[in-house]
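Q: Let the hints inform the model, and build the full structure from the sequences given.
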Amino acid sequence: MANEHEAANMAHDAGAVAAEAAGHAAESAGMPQLDFSTFGNQIFWLLVTLVVIYWVLSRIALPRIAAVLADRQGTIAGDLAAAEDYKLKAKDAEAAYEKALADARAQAQKIVGEARAEIQKELDVATAKADAEISARAAESEARITEIRAGALEAVEAVARDTAAEIVSTLGGKADASALAEAVGARLKG
Amino acid sequence: MSEASGEGLMFHPMDQFIVKPLFGEGPVHWYTPTNASLWMVLGVVGIILMLVVGTRGRAIVPSRGQSVAELAYGFIHKMVEDVAGKDGLKFFPYIFTLFLFIVFSNFLGLLPKAFTPTSHIAVTAVLAVLVFVTVTVVGFVKNGASFLSLFWVSSAPLALRPVLALIEVISYFVRPVSHSIRLAGNMMAGHAVIKVFAAFAPLILMSGIGIVVTPLSILAITAMYGLEILVAFIQAYVFTILTCVYLRDALHPHH
Amino acid sequence: MEGDIVQMGAYIGAGLACMGMGGAAVGVGNVAGNFLSGALRNPSAAAGQTATLFIGIAFAEALGIFSFLVALLLMFAV
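Protein chains in written order, with the numbering used here: chain P, 592 to 781; chain L, 687 to 941; chain W, 53 to 130.
Rather than coming from a laboratory, the hints here were simulated on the basis of the structure. Backbone N, C-alpha and C fix where the C-beta goes; we use that ideal spot for every residue, glycine too. Warning: the hint list may mix true and false statements.
Unchecked claim - Using 25 Å as the maximum straight-line C-alpha spacing, the simulated DMTMM-like pairs for lysine to aspartate or glutamate come out as follows:
1. K881(L) / D626(P)
2. K776(L) / D662(P)
3. K690(P) / E675(P)
4. K780(P) / D753(P)
5. K682(P) / D670(P)
6. K764(L) / D662(P)
Stated by the list, open to error - Quick partial rundown of chain P residues pointing at chain L, CB under 7 Å, derived from the structure:
7. M622
8. G631
9. Y645
10. I651
To be verified - Away from chain W, derived, C-beta distances all over 10 Å, residues of chain L:
11. G732
12. G896
13. T900
14. S903
15. M910
A: As structure tokens, then:
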């Protein structure tokens, strides 16, 4: 309405001046968004801008970024595969190590067993030898004991004969040696 | 209207949206370099800096600039794939172009003294009409006449279907209107509100009440600016995701 | 005089149009609040629905922007 006021108040030539005033007023007040005289300019520059952005994106930026992302995806996938591979290898190595350990343990067990058996055998031999020696010694000792015992019996008989002869002579008798020996022998046996 | 701009406010809150020639005075022809075209071109420069210069290393382990570019790429790529489906990925460069243009215009427009191309209905209307035409053409090319089943809700009772079809047709043709006005309106509203508060800020130089008004208005500008940063991104996101939704309707019209 | 009355009407209309923005605020808050209560019930499903959330917010908010636009048109363009 301000435009109308202005246009009416000016009241010179109607056409050109009023149109100019209206255009000017629309530019200074009102909403610049509704100033249709600038639409062509904005639309033109907008289309230029959009075409440039689209061109830059589809020709340069997007293929590059897509390539980088795919590259990274590939690298990550490759690295993961390699890691999986290494993990398998590690597992194999661990299994081999376990096996070697078990083998070594079994070997050691065997060696220990063998050594134990050998020692046992030696021990048995030594024991047998010692037993034989001990029994020989024991027999020898037995023989000597028997001998000593026999010696002792003989000595007892002699002492008894002497004692008997002494007793007989002391009692005033005459002791016949052979009779005495016979009597003492019978007594000792009996 | 001169009363409104002359007395209360130091400057008119809508002055920031005026399209002026960059060099000198004069009428705005269709080819004239204006502040609008300057900020569009700056947006293009920003996009090239981010997506081309930033990724020139092509590193497996990205630098900061490269990860920003990859982040933007992945964000929109995932959005297109999730919302529009696998066969929507053909339109990924197109949608990415729209997103980047809007997001750069919105954010560059937040700089002081800057011009926001997306606050103009002319710009957003062109963007929305481009989307509308693309979606409609794609729908008919892909599905032929069966694209019209988008408007024929076969799950509804038979008696209701003509009514629903009318509503669906209207809503289909209202799409570009709401699509463009949402973006332009949001950007314009935030900037205008900031300007309104900014007009009160120098009051301390003129009268005593300014002691109260000036800090309050500066506080309000700061808060609005924070909100505008959020809105700048969300509106670009919403514009893009709605484009994806419309594209999905065109590719798979049978609900 | 007549122009002043028209302008007064335009300004009153702009103020009335701004009431629509309150409705949009309620709508956006409703969308976000319901999303949050749903997300707290089933947090695992929430991440997949943020796109729906933003679409809902955008639709609700667009109507507030329309009323703001009507206000602006009444203020500056009529």
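Q: Decide, hint by hint, whether the structure agrees.
A: Hints and how they fare:
1. K881(L) / D626(P): Holds: K881(L) and D626(P) sit about 20 Å apart, inside 25 Å.
2. K776(L) / D662(P): holds, 21 Å
3. K690(P) / E675(P): Status holds; Cα separation ~23 Å.
4. K780(P) / D753(P): Given that 25 Å is the threshold and the Cα spacing comes to 17 Å, the pair holds.
5. K682(P) / D670(P): holds, 18 Å
6. K764(L) / D662(P): Distance ~18 Å between K764(L) and D662(P) Cα, so the pair holds.
7. M622: With a minimum Cβ separation of about 6 Å from chain L (threshold 7 Å), the hint on M622(P) holds.
8. G631: With a closest approach of 4 Å, the G631(P) hint holds.
9. Y645: holds, 5 Å
10. I651: holds, 5 Å
11. G732: Holds: least Cβ distance 24 Å, greater than 10 Å.
12. G896: holds, 25 Å
13. T900: Holds, since 25 Å exceeds 10 Å.
14. S903: holds, 19 Å
15. M910: holds, 14 Å
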